[in-house]
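2 protein chains.
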Amino acid sequence: MAKEITSRAENYSQWYNDIVKKADLAMNSAVRGCMVIKPNGYAIWENMQAQLDKMFKEAGHVNAYFPLFIPKSFLSKEAEHVEGFAKECAVVTHHRLKNDPHGSGLVVDPEAKLEEELIVRPTSETIIWNTYRDWIQSYRDLPLLINQWSNVVRWEMRTRPFLRTAEFLWQEGHTAHATQKEAIEEAEKIHEIYARFAEDFMAMPVIKGRKTENERFAGAVETYTIEALMQDRKALQAGTSHFLGQNFAKAFDVKFLDQNNQEAFVWATSWGVSTRLVGGMIMTHSDDEGLVVPPKLAPLHVIIVPIPKPAPAINEVAEKLLQGLKAKGVKVKYDHDEKKRPGFKFAEHEMKGVPIRIGIGKRDLERNVVEVARRDTKEKTSVPIDGIIDYVETLLNDIQTNLLKKAKGFRKDHMHTADDFETFKQIIESDGGFVLAHWDGTQETELRIKELTKATARCIPIDNLQEEGQCVLTGKPSKERIVFAKAY
Amino acid sequence: MAKEITSRAENYSQWYNDIVKKADLAMNSAVRGCMVIKPNGYAIWENMQAQLDKMFKEAGHVNAYFPLFIPKSFLSKEAEHVEGFAKECAVVTHHRLKNDPHGSGLVVDPEAKLEEELIVRPTSETIIWNTYRDWIQSYRDLPLLINQWSNVVRWEMRTRPFLRTAEFLWQEGHTAHATQKEAIEEAEKIHEIYARFAEDFMAMPVIKGRKTENERFAGAVETYTIEALMQDRKALQAGTSHFLGQNFAKAFDVKFLDQNNQEAFVWATSWGVSTRLVGGMIMTHSDDEGLVVPPKLAPLHVIIVPIPKPAPAINEVAEKLLQGLKAKGVKVKYDHDEKKRPGFKFAEHEMKGVPIRIGIGKRDLERNVVEVARRDTKEKTSVPIDGIIDYVETLLNDIQTNLLKKAKGFRKDHMHTADDFETFKQIIESDGGFVLAHWDGTQETELRIKELTKATARCIPIDNLQEEGQCVLTGKPSKERIVFAKAY
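First to last, the sequence lines map onto chains A and B. Numbering follows the numbering used here, in which position 382 of the first sequence is assigned residue number 382; successive positions increment by one, without gaps. Numbering follows the numbering used here, in which position 137 of the second sequence is assigned residue number 137; successive positions increment by one, without gaps.
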């Protein structure tokens, strides 16, 4: 089975597609650019959602739900925002179909044309800030800390499962504050939550930074980002948190009376992560045998396989393990299918990324042990049945820790610095990875670097070392290095 | 505050709208027929989701996600299905906006017209069965037990928050089976889960039954329904589970090889409940003072109010209660706002349906008691602080039980039988409620009854008493009574 996966060395892009397919995570649908998220893939997203939702709520946020559709005119109200989204949106123009009087089947009913077209939300700032105008009168209504779990649509021309799809699932937080300071703190707090989630749950190390003006969200004053490094040494923007200033408050006329009874515009943030994280997780940890999932996000932690097939003595031990592990909150299954050989099962569960496999064979039972194989390192160990429950619990933690350590090592190996453009270009073209380089701070230079190397400015790291230097392209003075990479 | 609510007696419909508004549950949006679900309303839906999701998973289902859009041609493949949905669907015709060259702002770019229009899903049978064709080859791929949490759009002309909106949130289960028997059992199992959820969690008694042919889902062979009675004595269809036969398998050519290597079409079910349940919950329990929420679905169980305002001794007891109750999983808050009087707070928390209010006053403290008020009966009791945690836990259960009992009593009071049409008509026109009557089994009679009385056939109860009788309209022979009512 594993042989069906193209190796990373051979064709990285095909390797990714193979894993998505063979691990039953997702597939393309009949609708251009839209994917079907299969149960194995959706279960990972559900685990991500549950954890993120908990973190948002612990930080004082509540969930709400706003309409799927946005009146066309709303989109135009924030000048940069419309620039960013008008060219890639699904437009609803009619509200009825009818049978063609000329007999050619179902057609759009021209009499059911909408007075104003509706846009399927690409993001919800406009409809939400139009609503907040009714919700906010005084400083007592602030802060408003709201999140929404929803689907959004951006008509992308080139799509890939999870990483870039026309429709995707995400959460979008939209908060309103009385002061600039508080709004910036909120954007930073979420930035921190995203980074913690990426490292502690996805085992995916990220660089925390601010976007350059050119890479900012359409309508934001400041965009905070977490950037991860994939195994092809390209960067993945994994989550962004925006300080929106008063841009949307002004566009939608959202004012409040402050404690001194003075009228002022409200300050805003918005922030989101999406099903793209599933793609990031796949690309961070998986190998040529298939998917690797960090235990904290795994739909299934342990698979028990009878060797060579179910038998009373084996089933009895399996049942004991199932009960013991379930009692500890470990998600475990017994693969008692009699029609598949152990080797086939091993490959199948490796492919699907189950973190631990326990093999129970007759000979092992005579010695009162079982064989434990970990997915990340593929090491196998004989473990006494008596201590197996504790062993599994510890091993799940070890795997989680090891995946992060390994990913950090990988990133370290591909973190470069470049002080002249030749070196910069050569690194980007050969190894890739993150390149720390001085930059003169102009959009012009940033775009020229992109043109020449395909590398983009990923971010200006938080707490960046301040050092004198010269822009890698223009030689102009610079006070800090920023992170460049080719990116998804 | 409560005075702002219209009484049920005065104007039931306005009462409902007032509650939705004053309890901060939802509001109309700028998009026709689409509502904004506010945090207080969404939290109730989240609790419903969590419980239903648990019940579906315990019954062996997994979640997945299918595209928002359905190619127009898919809709036409099942003849009855298209009849049911083509007239009320949002149609996406373009994928880009552009600036009008004539300067009138943002317009649809005519060059970005889709080759085939996309329908925003009104329900997902078609796109899902088109996908299942790839997933199902042999009996080993069956059963497929899949659920999806999603938003759907049906372009309704007359909308009401939660009860009927153009966009709504729901879950839709879509299962595939090797045999007719197994598919029918699945539809019945879900029907049972819906009824159990309605009674055990929403405290909303329901009649379980089958729909008449006329009231069936478009494309179903059998529709199972749960029907609840609202306080205006109109029925609410609260959830449906459909046995789809092989209709969608045939429309989308989904066949499998059975154990004897014979090719056969797959058997199907689909089933759904939606944010309409929130409307049903509101209408079942609320009163003229505001929302009433069953404890099992309440976002907040207990509100603690200092009387008349926070003070060190009061805060200390409040803190003790907060900790003790939270440790027991009770959701509790302390309303220490110094700017609002107790009376105002009482009215506010009553309005929002918090099941239990605990008032802590100085004089009470001298006697080591607090005042506990329950939202459902409005009874107040002095309770010793020592036993307060247990008292609250028991009381939450009592309230849950009492709400169901009360709702069952109400339903019993408005459950009628009619043996002639004059009586039938008179009951429907005066008291309303459910009317059990004989019917000759024809669509014609059913529609005529609707025309004459506005009452529709709600369902044919499961395990219905078989008795000889005459159709209430035509006098033709009948073997059982079915349930009629005016309905939402």
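It is possible that some hints are incorrect.
What the hints assert, rightly or not - In silico DSS-like pairs for lysine-lysine, Cα to Cα no more than 25 angstroms straight-line: (1) K113(B) <-> K87(A); (2) K54(B) <-> K333(A); (3) K54(A) <-> K57(B); (4) K57(A) <-> K22(B); (5) K87(B) <-> K450(B).
Just so you know, the hints here were simulated from the structure itself, not pulled from any lab data. Values in this document were obtained by computation on a predicted structure and should not be read as measured data.
Verification of the hints:
no.: 1; hint: K113(B) <-> K87(A); result: holds (13 angstroms)
no.: 2; hint: K54(B) <-> K333(A); result: holds (18 angstroms)
no.: 3; hint: K54(A) <-> K57(B); result: holds (21 angstroms)
no.: 4; hint: K57(A) <-> K22(B); result: holds (24 angstroms)
no.: 5; hint: K87(B) <-> K450(B); result: holds (22 angstroms)
In terms of the numbered hints stated before, the structure departs from none.
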